[in-house]
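Visitor: In the order they appear, the protein sequences are chains A, B, C and D.
Quick note, the first sequence lines up with residues 1 to 337 if you use the numbering used here.
Quick note, the second sequence lines up with residues 1 to 337 if you use the numbering used here.
Quick note, the third sequence lines up with residues 1 to 337 if you use the numbering used here.
Quick note, the fourth sequence lines up with residues 1 to 337 if you use the numbering used here.
Among the clues, some could well be false.
Claimed, not checked - Some chain D residues flagged as far from chain B (calculated, every beta-carbon gap over 10 Å):
#	residue
1	Gln-22
2	Leu-63
3	Asp-75
4	Lys-115
5	Ile-239
6	Asp-251
7	Arg-315
8	Lys-328
9	Ala-332
As the list claims (entries may be wrong) - Think about it this way: if two alpha-carbon atoms lie no more than 25 Å apart in a straight line, the pair counts; the simulated BS3-like pairs of lysine-lysine are:
#	chain 1	residue 1	chain 2	residue 2
10	C	Lys-61	A	Lys-93
11	B	Lys-259	D	Lys-328
12	D	Lys-259	A	Lys-61
Read the hints as simulated data drawn from the structure, not as lab findings.
All C-beta atoms, glycine included, are put in the ideal place defined by N, C-alpha and C.
Spelled out from the first residue to the last, the chains are:
4 protein chains.
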Amino acid sequence: MIIVLRANASDGDIRRIEDILQGVGLSAHVSRGVERTIIGAIGDERKLLPDLFEGLPIVEKVLRVLSPYKLVSRDFQKEDTVINVNGKKIGGKTIVLFAGPCSVEGKEMMVEIGKSVAGSGAAFLRGGAFKPRTSPYAFQGLREEGLKFLAETRELTGLPVATELMDSRDIDLVARYADIIQIGARNMQNFRLLTEVGKLGKPVILKRGMSATIQELLMSAEYIASEGNLEIILCERGIRTFETATRNTFDISAFPVLKSLTHLPVIADPSHAAGNVSLVEPLAAAAIAAGADGLMIEVHNCPEKALSDGPQSLRPEAFEGMIARLQKVAEAMGRTL
Amino acid sequence: MIIVLRANASDGDIRRIEDILQGVGLSAHVSRGVERTIIGAIGDERKLLPDLFEGLPIVEKVLRVLSPYKLVSRDFQKEDTVINVNGKKIGGKTIVLFAGPCSVEGKEMMVEIGKSVAGSGAAFLRGGAFKPRTSPYAFQGLREEGLKFLAETRELTGLPVATELMDSRDIDLVARYADIIQIGARNMQNFRLLTEVGKLGKPVILKRGMSATIQELLMSAEYIASEGNLEIILCERGIRTFETATRNTFDISAFPVLKSLTHLPVIADPSHAAGNVSLVEPLAAAAIAAGADGLMIEVHNCPEKALSDGPQSLRPEAFEGMIARLQKVAEAMGRTL
Amino acid sequence: MIIVLRANASDGDIRRIEDILQGVGLSAHVSRGVERTIIGAIGDERKLLPDLFEGLPIVEKVLRVLSPYKLVSRDFQKEDTVINVNGKKIGGKTIVLFAGPCSVEGKEMMVEIGKSVAGSGAAFLRGGAFKPRTSPYAFQGLREEGLKFLAETRELTGLPVATELMDSRDIDLVARYADIIQIGARNMQNFRLLTEVGKLGKPVILKRGMSATIQELLMSAEYIASEGNLEIILCERGIRTFETATRNTFDISAFPVLKSLTHLPVIADPSHAAGNVSLVEPLAAAAIAAGADGLMIEVHNCPEKALSDGPQSLRPEAFEGMIARLQKVAEAMGRTL
Amino acid sequence: MIIVLRANASDGDIRRIEDILQGVGLSAHVSRGVERTIIGAIGDERKLLPDLFEGLPIVEKVLRVLSPYKLVSRDFQKEDTVINVNGKKIGGKTIVLFAGPCSVEGKEMMVEIGKSVAGSGAAFLRGGAFKPRTSPYAFQGLREEGLKFLAETRELTGLPVATELMDSRDIDLVARYADIIQIGARNMQNFRLLTEVGKLGKPVILKRGMSATIQELLMSAEYIASEGNLEIILCERGIRTFETATRNTFDISAFPVLKSLTHLPVIADPSHAAGNVSLVEPLAAAAIAAGADGLMIEVHNCPEKALSDGPQSLRPEAFEGMIARLQKVAEAMGRTL
């Protein structure tokens, strides 16, 4: 860690910082320049509390040399993590497809959509049984009944199931039915939930929070990893910006940036980023071109009647047509879909 | 709700929208203009699913006429909500002070800080026993032991205690010790937690999420209110923007805007917004001038050794000096501190 | 325009709004609902001043039915605008390449880079003779000398020249040398400059401001168009958000959104969005996949010694390799590069 | 400057960076740690090009030790700059008031408003003769005629005039009539205009761009200062964020942050930040409480008929009432208004 002091720092100020560093076992290298004094902390800076120096009146700037995450970083593991779920690999040469409705609304619709997306090439089934809704008056999900419908659809289609966990009290219930646990954008910094999911030992999809930085996403992944679970799939789904023409701004740079910082697979959720069905395909194509390892696409057999997110859901026939076109983009990138 | 269709909307498109509206008991008023057709939905638009029309390819724009929240709106209740906690009123003419350390770190420090802030005019004690930390390797709070220290400090000082609840599994535990339950910024959209807290029937401080709009804050308050609990204190603590000179951008406009939209009290947390001790006083003064009903200030007897948020914590003597100056601003606004 | 009044609007308030509308030749259609009164303005709402009603205390919300731009909208012209510059078409099936250094630094480097990028398939030469720099102490461009070097390189390579105009006083000078005038991101709302460029009758590249909405970009294009010049090429180059892992956030959704709203061609500048050479290729590939009509790429023969933007500049050989790979993506999209 | 290299940096990489540093007269201090190599550049880092190292593939992070601005920094001048305009002081103990309409619309209205605000305590008259408008179809200002009306109002009221300069071609014209030149938010990075205004030697109000960081605002001030003009008044007027409840987010922290970084006076424009008349007073009060040296307030004698920004303009009688209340806040801060 490099600490730049303000111009008026006294010898006493410098000693106080040296004392703090020595208190946690680091040593201090002080260089007094003409305009500023700079202190380099030598040793494992991860022992230092976050923000410890940033707010001290005498400190002007702080630079952390090391990333605050470790297990999920490329420095820790050079080769890509490939996650195997019932024989299907996430993070390899094949770009994987998660497809299904936003919410599980009934058995028949799940089975119909499940069969359809399986036929179009989806590798995994998605569908929410617990739904985070901004309004307390909106449909909140079928809960255990929804989980059962997902499991029944898995029986009929062979597609492993990814579904969201919202509350630590439901962890055993959701784990009983799901092959992959999804942590939603709003829970990306629900640290207790991350810890619990880390202990569970099932693959986890961790969605980036709407206003989370890439570093914060990786810190949340580190929470899961620090409990011994490295089967983590990161998911970019759009960030909040000033632009209102789209629901969120799909951060396409996140794919190459994340692939350079971490060994974990990174998938895209263009449906939530766009909030509009006409944008799903261009964003999906762009994600593949930028290096995404998978896509999560909302598909509904009757979007107008969907209980959530209808407007951004593709009909099964539109999904099938899109996949055919996206395959060409995947091939152009030297991958398969 | 007003729905503006794209220029190429057909009669069939219009009929389909009329059908959807009628399906939930609303009627449609269609006006065909020279350039656009506009459909007005007549009836209670809150029955409509959020985003139902926004993403339909044929729909250009949607305007919701009514706010999506109801119980917490000024329309629902004209007069200010005043919350009485052990005889202390929040939301009235007196601006209330919550003070204490970021984290409860031990009994002695809690008692020392508690006595000191009580002497300087604080009305409530704050302190975290469960801490949301971005790093899994950082101090996570003393948990039940911390809650006990808070309760013991309450005994000695008479100050009611506000403390954070992070996980629905801890609700009974936290409720046993706390007078006011705090929901942190990262949990503002943890909807299951909001529902549980709504059922509890204790006053709640609801902090605005770092990237939550004012409308989303009110929707989260509606979650609590819809369970029958209207004792909600909203708290502005800074939003995430492009500016990096401060940790967050304190949204000073939130005070007058919220006071016009809701009857609930609104307090300020300048310590978290600033992330730097030198900004706490100017932001606190500004909050009072903009209409805040209270302040939440981090105070620590030894900021350099604090296990969290030291840099933004005031020493007790600095807190006392600040209160004296802020009292003049409160008086200028016709209030007391 | 639809105007929603607050719950407490009186008959006098309604009459006052009717009067304002009638004053500019619009008529008012008033509907009094149970909870709100809504006024529809019938006629050409573009006659109304921007923000006229938004801030009236009695007005709760305003919805503009029509876009505030006209000539540049898809409603005005259904088919794509294709701009012909010396026989090269922008906006057609072929994705065009603009390549060259950030700044013109000398004759030799311009000629060397120009020949190289021409050989790799660039259709246009880029290079700045006037440079907007955040620091007054940084290199500000070679000005007329730089323009001459660009023209000499055009002679040798046959590549038409695109270069930036920063100040209305230089318009004749720049127009004498340039085939395409570039308006930089920082000047996107320099309305006097836009007006002058509109009168000039040369093709214009209009870069999106770092914090401009898509609607504001189109309004700035309308400034140029309203002077009779519809040869406008829009350019997405990244927007400012909270994320600091990249210099700007490349708004990939801007391509499909703009292509639906306007008939103008839209190109991408991945070099400026990324600020880092390793991100240029993934962002360029993503832009093609999302529907971009062209790419603007910074190429320098000696990036370490570049006087500006070295770190994001590709070496000529890296540029050539990238183009070969991007061609496959273009083909997957049914286009050529 | 501190340069942190990636883990895989070779000896050759290190030498290349040393060479670049030596090329501009700096020396390099290399420390090879267990996990990273760090290079400290010793000497005047302002000689280094901006972003020179940031994008090199082998560089992980760069920390500039010194601020990129110099003349406007507190390090350069400890005591506050106080600007004297016709005997009125900006930046001293008295908080100054700029008041007047958004646009000059005619002589009578200017005189009426000017007399009124002079009577209420305004020290300066504001009013735009050249107006930056997002729509080419909106009122663009009365230009020289407007400047004359401003000068005539100055004759009658004694109030010095502040008015906006939008284009370098108008500089002599505007300078002939104005006492203070205003650079608008959209021109904050119109570097040619800043240079010209720097040469002029008249006091300048420099408004912060809608998405400009505090550092960028200071860099733009440095442009003016580097031409020898240090009579610069900085103006916070709201920044662009995700929040849509207000037109812009008034960055209240900018006042204490700027006052610590620069010796220049800082004023507030609550009218533009808010976009709504009901927010002007709370934001003005907050600005005073946070340390603003002045207020710029839009006042119009007939806001409904204003040709621009009517909704955020106060009527003269409302202005007078507000000033009386704000005086109490100024007194609470130990200042006068």
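Visitor: Look at each hint and say if it fits the structure.
Guide: Verification of the supplied hints:
1. With a least beta-carbon separation of about 31 Å from chain B, Gln-22(D) lies farther than 10 Å from that chain, consistent with its non-interface assignment.
2. At roughly 13 Å from the closest C-beta of chain B, the C-beta of Leu-63(D) stays outside 10 Å, upholding its exclusion from the interface.
3. Asp-75(D), annotated as away from the interface, keeps every beta carbon of chain B farther than 10 Å; the closest lies near 16 Å.
4. With a cut of 10 Å on Cβ distances, Lys-115(D) stays outside the contact zone with chain B, its closest approach being about 29 Å.
5. The Cβ of Ile-239(D) does not lie farther than 10 Å from every Cβ of chain B; its closest approach is about 6 Å, which violates its non-interface assignment.
6. Residue-level check failed: Asp-251(D) sits 6 Å from the nearest beta carbon of chain B, not beyond 10 Å.
7. Residue placement check: Arg-315(D) keeps its beta carbon more than 10 Å from all beta carbons of chain B (closest about 19 Å).
8. Not every Cβ of chain B is farther than 10 Å from the Cβ of Lys-328(D); the closest lies at roughly 4 Å, contradicting the non-interface assignment.
9. For Ala-332(D), the shortest C-beta to C-beta distance to chain B comes to about 4 Å, within the 10 Å cut-off, and the non-interface label is violated.
10. Pair hint Lys-61(C) plus Lys-93(A) does not hold up; C-alpha atoms about 50 Å apart against a cutoff of 25 Å.
11. For the given pair, Lys-259(B) sits about 22 Å from Lys-328(D) by alpha-carbon distance, which is consistent with the 25 Å threshold.
12. Annotation: proposed proximity of Lys-259(D) to Lys-61(A) holds, straight-line Cα distance about 18 Å (limit 25 Å).
Figure legend: structure checked against the earlier numbered hints; hints not met, in rising order: 5, 6, 8, 9 and 10.
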